[in-house]
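Since the structure of chain Y is already known, use the hints to place chain E with the ligands on it.
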Amino acid sequence: MAMIFMREDRQMAGSEEKRGFWGGLREGLRKTREGLVRRLDRILSGKARLDFQTIEELEELLITADMGVGTVQRLIQKVDSTLRGGSGQGPDLIRSRVKEAIVEILQPREAPLEVDRARPFVIMVIGVNGVGKTTTIAKMGWMWKREGKRVMFVAADTFRAAAIEQLVAWGDRLGIEVVRQQHGADPSAVVFDALQAAKARSLDVVIVDTAGRLHTKTNLMDELKKIQRVAGRVQEGAPHEVLLILDATTGQNALSQAKLFHQALGVTGMAMTKLDGTAKGGILVALAWELGIPIRFVGVGEQMEALQVFRAREFADVLLGDEEG
Amino acid sequence: MFDNLSEKLQALFKRLRGHGTLTEANIQEALREVRLALLEADVHYKVVKEFIESVKEKALGQEVLQSLTPGQQLLKVVHQELVRLMGEGERRLNLSGSPASLMLVGLQGSGKTTTAAKLAKWLRAQGKTVGMVPADVYRPAAIEQLEQLGRMLNVPVYKPAQGEDPVSISVKSQNWAREKGLQVLILDTAGRLHIDEPLMEELRKIKVAVAPKEVLLVVDAMTGQDAVQIAQSFNEKLQITGVILTKLDGDARGGAALSIRAVTLRPIVLVGVGEKLDALEVFYPDRMASRILGMGDVLTLIEKAQAAYDEKKALELERKLRKEEFTLEDLLEQIRQVRKMGPLEDLVKMIPGAGNIRGALDPTFGEKELKKMEAIICSMTKEERRNHTIINGSRRLRIAKGSGTTVQDVNRLLKNFLEMRKMMKKMGKMRRFAMGRGIPLWSR
Ligand SMILES: Nc1nc2c(ncn2[C@@H]2O[C@H](COP(=O)(O)OP(=O)(O)O)[C@@H](O)[C@H]2O)c(=O)[nH]1
Ligand SMILES: [Mg+2]
Chain Y
1 MAMIFMREDR
11 QMAGSEEKRG
21 FWGGLREGLR
31 KTREGLVRRL
41 DRILSGKARL
51 DFQTIEELEE
61 LLITADMGVG
71 TVQRLIQKVD
81 STLRGGSGQG
91 PDLIRSRVKE
101 AIVEILQPRE
111 APLEVDRARP
121 FVIMVIGVNG
131 VGKTTTIAKM
141 GWMWKREGKR
151 VMFVAADTFR
161 AAAIEQLVAW
171 GDRLGIEVVR
181 QQHGADPSAV
191 VFDALQAAKA
201 RSLDVVIVDT
211 AGRLHTKTNL
221 MDELKKIQRV
231 AGRVQEGAPH
241 EVLLILDATT
251 GQNALSQAKL
261 FHQALGVTGM
271 AMTKLDGTAK
281 GGILVALAWE
291 LGIPIRFVGV
301 GEQMEALQVF
311 RAREFADVLL
321 GDEEG
Chain E
1 MFDNLSEKLQ
11 ALFKRLRGHG
21 TLTEANIQEA
31 LREVRLALLE
41 ADVHYKVVKE
51 FIESVKEKAL
61 GQEVLQSLTP
71 GQQLLKVVHQ
81 ELVRLMGEGE
91 RRLNLSGSPA
101 SLMLVGLQGS
111 GKTTTAAKLA
121 KWLRAQGKTV
131 GMVPADVYRP
141 AAIEQLEQLG
151 RMLNVPVYKP
161 AQGEDPVSIS
171 VKSQNWAREK
181 GLQVLILDTA
191 GRLHIDEPLM
201 EELRKIKVAV
211 APKEVLLVVD
221 AMTGQDAVQI
231 AQSFNEKLQI
241 TGVILTKLDG
251 DARGGAALSI
261 RAVTLRPIVL
271 VGVGEKLDAL
281 EVFYPDRMAS
291 RILGMGDVLT
301 LIEKAQAAYD
311 EKKALELERK
321 LRKEEFTLED
331 LLEQIRQVRK
341 MGPLEDLVKM
351 IPGAGNIRGA
361 LDPTFGEKEL
371 KKMEAIICSM
381 TKEERRNHTI
391 INGSRRLRIA
401 KGSGTTVQDV
411 NRLLKNFLEM
421 RKMMKKMGKM
431 RRFAMGRGIP
441 LWSR
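Chains as they are written, first to last, in my numbering: chain Y, 1 to 325; chain E, 1 to 444.
Note that these hints are calculated values from the structure, not bench results. Just so you know, even glycine gets a beta-carbon here, dropped at the ideal spot from N, CA and C. A few of these clues could be false.
Claimed, not checked - Covered, in the sense of this in silico footprint (three residues per stretch, anywhere, with C-beta under 8 Å from a C-beta of chain Y), are these stretches of chain E: (1) 30-44; (2) 147-153; (3) 192-204; (4) 217-223; (5) 245-256.
What the hints assert, rightly or not - Below, simulated DSS-like cross-link-like pairs (lysine-lysine); rule was C-alpha separation at most 27 Å, straight line: (6) Y:Lys199 with Y:Lys225; (7) E:Lys121 with Y:Lys259; (8) Y:Lys217 with E:Lys415.
The following block holds chain E by itself, in its conformation from the complex:
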């Protein structure tokens, strides 16, 4: 599902080459593609409309940089504009006061309870003493769920009295926190529809009673066009201070993020990227922008890669990967190209879903490692490089000696190489566009 836009734009880039400035005529078609991509990513219809207008305004008349085609230049404007709209840099939570209450609100099933636990863990790692408060008395076993999570994390959880209502729970938990000397209190409220007046009123009462330092709207990254209504209602009634986007570990493009920003102007503070309790990350507008457009951080990749890579070689490599003819020799070639482009970590970060790839790679995988790998492969014979299966024990010893490494290093390289082939096969078709520039990108 990530392939569309980049392929279409790629075709457009080619057609548009040779224009000097961005004009109404040469960006029209590309803008249409961008519009489709945004709609497919679930950005709200009206938000898309406004966005396209503002991009057009910014782009028209711009001179096309030497190294770029008009299409690429336009995409750069699109991307910059998306980042500008979504970000204001890292936003820290306000944790002043004793205790500082953080209130989590949102629709049913958006992930509040899990997020409460993740947040507790996250804040404790920053040296805070944290407690959690179950203010969801409606959903069966919701209180039990938070209690269990608290036990798992060893985080204290306020115990409501039998039949205690959410407002009272929230108020009493404040004293409880003070007695226990807790610095931060996370209030997990019941999921509710934004149009449910009595329940929205309940939230307002809680807010007035505990004066939370943050009111965080928890939204599912898969949310569609309704995100606008949801965010607007919650914001109007509660003046939310920030947004947490959940379930970003899936394949949702996450256009809701842009919609929500557009209607609330509130920052997206954190994102949830898995069911494990440490799967919480700060929000990066540039990664989100790329994700919504359905491509890696293409522009940076384009710029970096163009300088370093010979297109023909890339095409040949792509063919080999497809046919599983990828050899150690090719790996060597890749390593050399990558080293020309700068630190690998940085490159990997630009790829959407890089979490998967980063996980698959050795964490120590860096510049030094690349150098070592290069040395090892250079110490192999041509034959060995073309056919890794012949590299037996004695050959490994010889290679290690020749490259000034250990047999373990050689083993690890071979293991990584095999993993890589396997992964490529598993991850399915390569992103042709990105491959054309020498960086393998995978769609998930």
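Chain Y on its own, in the form it takes in the complex:
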């Protein structure tokens, strides 16, 4: 009996006491960071310049953060050349240069989602199976509801067993209406009906949950295109946001995911989930470098409050273990 609530309590306590609802990314990523700080300190202490060994260790640090070997090499080259010829190449300088280089790459992608541009503002949430689409929808819904917005969820994952029930359960918990049809229904038909209702009632935000799918399956990508088209038919400009969810545990394949989803649908924003684990999500740096897609949120837990707006500097701080920022 008690078990079910234990977890919830634990999470609530963690999030309210230490973090506050929309507090910095830091708390959520503390676990990730600790190991990293120690390693970076070791790497950088007493090194005067980027010698061969330092480079190799730096490379290891960044590659094990899933930044990808190509990105890491480019990054190190960039840092190395800014240091060369300069004077006073102490460890602090190297650390700040590495961080600055990462911030420089991430900063242009820091663009929080503005949902006041349209009413209703329609968000279509996409991604591969199990990355955390439905949970992120719940978190976003909760965030906007708390801001006093009128939110609607649309259960357009009619494929996976109990996917509709999952979203409905969240809707009940958060007090957010969920538009649904039966399992196996045409997802674009669900979206069509939902959008008409939302438009008639002039709701603020409509979030469409879609079934997870691998980016390599063209027929399933076509299904998403259809949903997108249908949304646009009900309301001009909809969906206003095509939000791709990525899992921090994912390695280099996230690049392929982002590229293929983007190619098919024109992704307008990304969110990265599961940063509360030990995965570092370094692939975001590669993504920021290669694609011009804004990064909206990071997910740091399973509970509804565990969503934070993406901040480039915070992310880089955390990645490189710099407490002071």
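Relative to the frame of chain Y, chain E with the ligands by itself:
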């Protein structure tokens, strides 16, 4: 994304031709490429480092076989070493006891629930009576999900009492299974982070309480460097008995498989290759090795193809495919080459992502079929072979008669031929490397 390594190595092969043994100097550059390929495939940094060292040790001083260049020889060592590290042949699940409990554990979203259902279906097909147990009381509608899957498969699912905790569910389900006479019980546990102490402790309690015959770690094939930490933690706390790798139907190179093997030494038992409930396969180390390297089973292909194929013809064919000038005449040529190389099934199996291609090909596509196709094309006039569009009804009849086949056979060949052209166009650019050896490989 599959092109890189093979192209680079191809270039290296050429440069390295003519050396007698593998030396530090002639393998250094190739090893660097292999290292990059492994890192790009998400093999853990440290695992890569160790792997490269061991390959180097094995390779140095080896004599280069007559038919191979040093680069090819090295790649052979790399490949063998990968296979050795990842495999110990097919591993059967331990299903002794009544019931035999199998416990699925892993991170959130790794695919446990779907895998539970696939496993149920798979084991039932082997004649076992199977039940499933939803021990995920946390994620909204997780229990409902397993119940629905059970209904779909007609597999019984234990019904937890309101508010029942996972340990109690797991324990009580044992009696339930005995009452129902079930032989195997699959426990679907909640996804959790490996660093979540209370939840890991919960798993340990379940394990102690039900003494499962297998504790299977379910891991997403797309997992990055963190795979090492995940596998290590789960293994330390639960002594996993095997690994199931999911979502291999995508384009992930799956380096996590090697990382996990390296840190747990546990076998990869099964792989998930699709959302359908029969998309579960046994694990083949050699295919996985090729996939991680980002190429088909290149060495075998090289060896088989080299003997049989004239490179110039291959290049010409490649050009034609690109320009869509591929004709029935060319198809005939291909068929003859393929027949020289041995059973087609075997060749197709060596290609990563062969599932796609196999699906597109007729399942009866075999030696006999090739012979028939050859006969049909041979009964066509030169003109017909060069321009398939002129082959009308009466010509089809004549061709069928001439080749001792039926009009349906001729129709099917033409249909397959058109499909093939279409597929080639769709699948995009050919793998130049493999094409150079006469086997079309497609990147997905
Ligand atoms: N630890 C953690 N788990 C998450 C996070 N986001 C989602 N999850 C979990 O990941 C699993 C899959 O999430 P779900 O939303 O169903 O994924 P979907 O298939 O993409 O809709 C669930 O168990 C979620 O609780 C996160 O930020 N951190
Ligand atoms: Mg979902």
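In terms of beta carbon proximity below 8 Å, does the stretch 245-256 of chain E have 3 or more residues touching chain Y?
Since three or more residues must qualify, the claim that chain Y covers the stretch 245-256 of chain E holds, with 8 doing so at under 8 Å.
With the threshold set at 27 Å, check whether the alpha-carbon distance from Lys217 of chain Y to Lys415 of chain E stays at or below it.
Answer holds: Lys217 of chain Y to Lys415 of chain E is near 24 Å, not above 27 Å.
Using C-beta distances, would you say chain Y covers the stretch 192-204 of chain E, given that this needs three or more residues below 8 Å?
With 6 residues in contact (Cβ-Cβ under 8 Å with chain Y), the coverage given for the stretch 192-204 of chain E holds.
So is the stretch 147-153 of chain E in contact with chain Y by the C-beta rule, three or more residues under 8 Å, or is the coverage claim wrong?
holds (count 4)
If you draw a straight line from the CA of Lys199 of chain Y to the CA of Lys225 of chain Y, is it 27 Å or shorter?
Holds, because 21 Å separates the two Cα atoms, which is no more than 27 Å.
Tell me whether the statement that chain Y covers the stretch 30-44 of chain E is true, taking a Cβ distance below 8 Å and needing three residues at minimum.
holds (count 6)
Given the hint that Lys121 of chain E pairs with Lys259 of chain Y, test it: the Cα-Cα distance must not exceed 27 Å.
violated (35 Å)
Closer than 8 Å Cβ to Cβ for three or more residues is the test here. Does the stretch 217-223 of chain E pass it with chain Y?
holds (count 3)
Violation of the numbered hints given earlier is confined to hint 7; every other hint is satisfied by the structure.
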